[in-house]
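Asker: In order, the protein sequence lines correspond to chains A and B. For the first sequence, this note's numbering begins at 1 and goes up steadily by one. For the second sequence, this note's numbering begins at 1 and goes up steadily by one.
Hints listed in this document are in silico derivations from the structure and should not be mistaken for laboratory results. There may be inaccurate statements among the hints.
Mimicking SDA-like on lysine to any residue, the simulated pairs with C-alpha atoms at most 25 Å apart in a straight line are [said to hold, decoys possible]:
id, chain 1, residue 1, chain 2, residue 2
1, A, K73, A, S22
2, B, K162, A, N77
3, B, K162, A, L95
4, A, K64, B, N183
5, B, K162, A, T135
6, A, K73, A, E84
7, B, K162, B, S235
8, B, K162, A, R87
9, A, K155, B, P60
10, B, K160, A, T130
11, A, K153, B, G164
12, A, K129, B, V236
13, A, K153, A, N114
14, A, K73, B, D185
15, A, K229, A, L166
16, A, K153, B, G175
17, B, K162, A, I104
18, B, K162, A, Q131
19, A, K129, B, P163
20, B, K160, A, I104
21, B, K279, A, T93
22, A, K129, B, M172
23, A, K153, B, K162
24, A, K73, B, K162
25, A, K129, B, G175
26, A, K109, A, L95
27, B, K162, A, T76
28, B, K81, A, I70
29, B, K162, A, L132
30, B, K162, A, M51
31, A, K129, B, R168
32, B, K123, B, L56
33, B, K130, B, N142
34, B, K160, A, T110
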Amino acid sequence: MMLEIENINAGYGEIQIVTDVSMNIDNNEIVALVGSNGAGKSTIIKAISGMLPVSSGSIIFEGKHIENTIAHKIITNGIALVPEGRRVFPYMTVLENLELGAYIENDQKTVQENMEWVFGLFPILDERKTQLAGTFSGGEQQMLTIGRALMSKPKFLMMDEPSLGLAPVIVDEVFKIVEVLHNEGVTILLVEQNVRKSLEIANRGYVLEHGRIVLEGESKNLVEDEKVKKAYLGM
Amino acid sequence: MEIFLLQAGNGLIIGSVYALVALGLNIIWSITDIPDFAQGSFYVIAAYVAYFAVTLAGVPFLVALVLGMCVGAIMSFSCEKFLYRRWRERTFRLAARTQLLCAIALFFLFANVANALWTSKAKIFPAYLKGSLLGFSYMRINVLLAAIILFLVVYVFINKTKPGKAIRAASMDLGMAQVLGINIDTVNSIVFIMGGALSGAAAVLVSPLYSVFPTMGDLPLLKALVVVILGGFGSVAGILICGVGLGVLEALGAIYISSAYQHGYSFVILLLMLLLRPKGLFGRV
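Kindly produce the complete structure, drawing on both the sequences and the hints.
Answerer: As structure tokens, this is what we get:
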């Protein structure tokens, strides 16, 4: 098991958002975490990445407790994040953004190798590496954000709403990249509002409602589930 | 014409002092979201330490300059580590507000400590170099040269080194920088050390031209704040341009309008800027 989340509770100050959530992610799985706006999907991501404390419960990554670890230490375990809203460093070049993705890597040779890998996946980043990230379009910024996350050669990649606000063509491209990364051996937690597409490519899925997991299982079973069909797939 | 050039040159020199203080303020501001008023007091203390080092211990000026930078850096570093950081850890979103109040308190505290220890009487910093070039004493020219060197060092550090890039990233998106493995405590320590060293350098450089007294930090601090806002919290180069620009305008205003309002011109320019172009000359926001 790569990641085990056991009964976590988390929120902002007095306001509890996530209640008794338990999830498992196995090696080289794509797991989709779906739910409507405000269900608490991002809160779970923030708890894993150390941006929010959990008030109880545990998060175990490869046998090691990582709940309430200070945020800048999380990445050293091999966990990377593609945050919601992209969050590139706008006044820095593409190259600098990518270099910062490998901030924890001190060996220049490894950084170069990872950079070659990312440029192979996203040739556009190679072509425009001296351009300021803030001048990129939304889709290009999304590629850069994914590339930046990959620069640390993570075992486990969390993607928070990677398709949000993008043109349909770009959305297809993003989902294609998720599959490519999966084939390269990266384990992925995909948080999405695009329920149909994410369940199409995921091995398993969790459905979150009002901060609780209400359904879980193989993606193909979830797609057939009457409740999911009605609430998320519009059928 | 000659008086114009002379006065413009003097403006350039005093402007580079504003720019040095502003550079430190700007870097700290970009990380903490506060104008660190306490820099004004590190400026004063650094000048006194350099003064005593020269007059009592008889050290060469260059040593006194380095000493002043170290004193500024250590004080600035300590204030962040032992005071500001506590509020950052405990109050999260309210941190900036509390830190700002703390910075203002420190500013008054140190000015009064200096007053109590060394009285308000101005101390004459002995000249360390004689002679002049085209009507500018070497000591004045050195201020400008030292400022240019320090700006180059900071520019290269911020833009070309790994810690420098981490600082820029943290100034744009603190949370994202943390997720990428950047330690925010370390970033804060570095920017406060830089700020303190720059304030100290500015103070020691300017001391032999004027004198050393407890309120000597007030005007440079306020002018530096104006420079940061005029520059629009922008680049290192923007700060230098705005700093010397402000110094020159102020000096020219003193001879062509009236020297009585010399220190007012900066604030008139600030008001005009806020009305006409609130994002500053080199602003990104």
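Asker: Could you grab the alpha-carbon distance between A/K73 and A/S22 and see if it respects the 25 Å cut-off?
Answerer: Holds - the C-alpha atoms of A/S22 and A/K73 are around 23 Å apart, at most 25 Å.
Asker: Holds or violated: are the alpha carbons of A/K129 and B/R168 at most 25 Å from each other?
Answerer: holds, 18 Å
Asker: Taking only the CA atoms, is the gap from A/K153 to B/G164 under or equal to 25 Å?
Answerer: holds, 23 Å
Asker: Within 25 Å, alpha carbon to alpha carbon, are B/K162 and A/L132?
Answerer: Holds, at roughly 18 Å.
Asker: Is B/K162 close enough to A/N77, meaning Cα to Cα at most 25 Å?
Answerer: Holds, at about 21 Å.
Asker: Taken at face value, is the distance from the CA of A/Q131 to the CA of B/K162 at most 25 Å?
Answerer: holds, 19 Å
Asker: If you draw a straight line from the CA of A/K155 to the CA of B/P60, is it 25 Å or shorter?
Answerer: violated, 57 Å
Asker: Is the straight-line distance between the alpha-carbon of B/K160 and that of A/I104 25 Å or less?
Answerer: holds, 17 Å
Asker: Can the restraint linking A/K153 and A/N114 be considered satisfied, given a maximum Cα separation of 25 Å?
Answerer: holds, 7 Å
Asker: So if I understand the rule, the pair passes when the alpha-carbon distance is 25 Å or less; does A/K129 with B/P163 pass?
Answerer: Status holds; Cα separation ~20 Å.
Asker: Straight-line Cα separation of A/K129 and B/G175 no greater than 25 Å?
Answerer: holds, 24 Å
Asker: Checking one constraint from the list: CA of B/K162 to CA of A/L95, max 25 Å. Satisfied?
Answerer: holds, 13 Å
Consistency with the previously given hints fails for number 9 only.
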